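Residue strings, one per chain:
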Amino acid sequence: MKSEISAFMDGELAGAELETVLGALREDGEALSAWRTYHLIGDALHGPAAPGGRCVARVLARLAQEPALIGTLPADIVPAQRPRWFVPSAIAASLSAVALVGWMVFAPRPTGTEVARVVEPVVIDTAKPAPKPALVRHPLSPSARDYLLAHQVYSPRNSLQGVAPYIRSVSAEAAGTP
Amino acid sequence: MRLAACAVALLTAAGWAQAQAPDTAQHSGEALEWLQRIYQATETLSYSGTFVYQQGNRSETSRITRRAGATGGIEKLEVLDGTPREILRTRDEVRCYLPESRTVKVDRRSDPGAFPTLLPARVSTLQQNYEISLGKTARIAGFECRAVVLTPKDDLRYGYALWADTRTAMLLRSQTFNRDGELVEQFSFAQLDIGSVPSRRLRPPPGTRDWRIEKAGVAPADLQGAGWRFGSELPGFRKLAEVRRVMGDAQPVGQVVYSDGMAAVSIFIEPLSARTEHARIGLSGMGAVNVYTRKVGTFLVTVVGEAPATSVQRIGNAVEYRPQ
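So the protein sequences, as listed, match chains A and B.
Residue 158 in the numbering used here sits at position 158 of the first sequence, and the numbers go up by one each step.
Residue 219 in the numbering used here sits at position 219 of the second sequence, and the numbers go up by one each step.
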């Protein structure tokens with residue numbers, strides 16, 4: 001069950017597997033304890049910004065309310081097997097790969113001038129794959145409109161149906177209006 | 001709300017079957033010709049009408065006015081429900097009028113070809129990723145329409161049914177389906193007049209002169225040169241554009257756009273800032289559009305696309321930062 005819980009935290013489970021883990025977390029004290037331990041490890045690895053115990057409790061409460069939505073995930077979203085993040089060698093590699101770097105801003109192509117540099121150091125963790133969120137789709141955030149507009153400008157749908165697809169960019173829903 | 005969404009899905013799964021018309025096994029050549037005619041009609045016709053945008057259990061009504069012209073024409077979209085948002089679009093510029101914030105967002109193309117269009121002659125390249133076939137006929141907003149059906153060859157993209165007027169090839173209805181054949185989004189005219197449109201109907205909305213103007217300031221950029229890697233690209237998607245732009249505050253935002261000719265996916269990259277620190281990490285969306293947001297180092301990566309959530313997420317997870 002522990003490896004399943006880890007896979008669940010990595011967002012890699014779907015269908016029956018996901019149901020099993022959610023069931024275990026609801027009913028099995030040992031499973032819940034493993035879940036908390038992994039989050040503690042995660043907290044230690046990622047620093048104080050990682051979610052604390054209260055957050056975990058809130059997430060669990062929320063999950064308990066939403067079994068149907070999560071249960072309908074298509075089976076093929078589960079990616080190919082890869083090393084779990086709690087494997088000790090992965091932790092060691094992850095820690096050793098922490099690097100301090102600067103950031104080159106997007107340089108304009110033609111001249112290469114105006115290259116700016118952000119001074120604060122950036123911590124890059126190259127060993128650990130990015131955490132995957134559960135594939136539950138939320139409503140658009142209020143800031144989404146800017147992205148939708150910037151994206152729509154390049155959509156090939158414009159040459160198929162003219163200005164009509166721009167309704168997405170100015171939709172009341174894209175502005176977070178109920 | 002979930003029940004309502006299910007109801008819409010059930011109702012519209014029938015729509016996909018209806019558009020596909022197995023009884024008329026048409027040559028794909030004829031379907032391709034139809035598709036080319038739709039692109040040409042969009043480019044050359046003048047028209048005005050009312051259309052309904054529908055996604056999930058919600059719909060919004062807008063008025064569309066287009067005046068064709070030698071320089072690409074001018075188009076206006078006016079949202080008729082709620083606050084009167086408007087968009088004016090020419091070949092070189094998009095102006096978005098938002099009364100809630102008294103703002104005009106302006107996106108002007110930085111160089112020729114910056115607003116890529118799919119030319120009718122290149123429509124056949126869509127066959128690499130979609131089976132293109134002719135569907136049934138139906139009457140929509142008083143027009144006899146024929147459906148052109150694009151069935152994706154894999155799970156990375158959506159399917160489409162495009163209903164066009166049999167006489168002018170004007171697109172009356174466009175439907176997007178997921179792989180289960182459920183409707184995820186629909187644009188459909190409720191009323192349409194094809195023919196000349198007076199230019200006075202394409203003026204900017206009155207009383208907007210003192211509104212705040214937000215310019216996108218789009219310029220070419222080299223994100224790969226700055227250390228960004230976009231992983232193995234999705235099969236069938238090729239890079240359309242690589243730019244930087246201003247979004248809200250002064251920080252530049254990088255944008256790379258990939259497309260397969262029908263669907264497009266943008267990757268936005270920006271430093272974490274006051275504006276972005278409350279960004280919703282994870283998956284969000286509306287209709288056929290999915291948005292996937294994650295942090296990479298001290299950057300925010302936002303992937304926006306008219307593609308299934310799994311495709312958008314796959315592109316987002318492949319983004320890496322490896323500075324030299």
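Just so you know, these hints were derived from the structure itself, not from any lab.
One or more hints might be untrue.
[What the hints assert, rightly or not] Which stretches of chain B does chain A cover? Using the computed rule of at least three CB atoms under 8 angstroms from a CB of chain A, they are:
1) 91-105
2) 140-152
3) 194-208
4) 279-285
[Claimed, not checked] Which chain A residues stay away from chain B? Per the calculated CB distances, all over 12 angstroms, these:
5) K2
6) E27
7) P165
These numbers come from a predicted model, not from an experiment.
All residues carry an ideal CB built from backbone N, CA and C; glycine is no exception.
Results for each hint:
no.	hint	in the structure
1	91-105	holds (count 5)
2	140-152	violated (count 0)
3	194-208	violated (count 0)
4	279-285	holds (count 7)
5	K2	24 angstroms, holds
6	E27	25 angstroms, holds
7	P165	7 angstroms, violated
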